[in-house]
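Use these hints to put chain U onto chain Z, whose structure you have.
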Amino acid sequence: DAKTTQPNSMESNEEEPVHLPCNHSTISGTDYIHWYRQLPSQGPEYVIHGLTSNVNNRMASLAIAEDRKSSTLILHRATLRDAAVYYCITFNNDMRFGAGTRLTVKP
Amino acid sequence: NAGVTQTPKFRILKIGQSMTLQCAQDMNHNYMYWYRQDPGMGLKLIYYSVGAGITDKGEVPNGYNVSRSTTEDFPLRLELAAPSQTSVYFCASSYFREYEQYFGPGTRLTVT
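For the protein sequence lines, the chains are Z and U, in the order given.
The first sequence runs 3 to 109 under the working numbering.
The second sequence runs 1465 to 1576 under the working numbering.
Hints were generated in silico from the structure; no laboratory data involved.
In this text the structure is predicted, and so the values were computed from the model without any measurement.
Keep in mind that a hint or two might mislead.
[Unchecked claim] If you want the ones that stay clear, here's a sample from chain U, every Cβ over 12 Å from chain Z, calculated:
no.: 1; residue: Gln1501
no.: 2; residue: Arg1541
no.: 3; residue: Leu1544
no.: 4; residue: Leu1573
[Unchecked claim] Per the computed footprint, the stretches of chain Z lying under chain U, defined by three or more beta-carbons under 8 Å from a beta-carbon of chain U, are:
no.: 5; segment: 46 to 57
no.: 6; segment: 98 to 108
Where a beta carbon is used, it is the ideal one built from N, C-alpha and C, also for glycine.
Same shape as in the complex, but just chain Z:
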């Protein structure tokens, strides 16, 4: 599975959009891109996934670069409840979690 690179931490203000980047330059053509988040003292929670096209759901949007070597998770209006560690995973045979990006949301 392709290795992913994410910033260790990011900050956002409440009610502002947040763009969480992920690099996956060695991704193969059949690897899905998954995003999960983990709130404090909880198990990971699925956020969104995609293969080639941009994807939207009620939680977030996923923008995938045309060459698929990077992607961006977009939270349209951050809330305090969005403070979590966000994991970007390229998935083929199994999920390999990195250290993720710790998102802090300031009121």
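Leaving out everything else, chain U in the frame of chain Z:
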């Protein structure tokens, strides 16, 4: 639906003891997984199962065993517990391999 449930929530073991971590799901998912998460780190896959009677090793299987006799249950067995197995253990399930995984609340295990 209860989703994915795990028991116990917390456990302290002495070195050399054994225990079984329980995991159950009521979503009729084919795939089930066991992960461990060490402090400040991401999750690592221990074992997974593609259906009843079929299991396979993940990234860090040493020191653990699993079985899958039913679709619903996927227990994780620790034999001869070691301090290196101190971690938080998460069970997850999914309908297909590439679909989203649903995680349980975790079991916090300390081996002293």
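So, going through the hints one by one against the coordinates:
no.	hint	in the structure
1	Gln1501	8 Å, violated
2	Arg1541	20 Å, holds
3	Leu1544	26 Å, holds
4	Leu1573	15 Å, holds
5	46 to 57	holds (count 4)
6	98 to 108	holds (count 5)
Comparing the model with each numbered hint stated earlier shows that hint 1 is the single one that does not hold.
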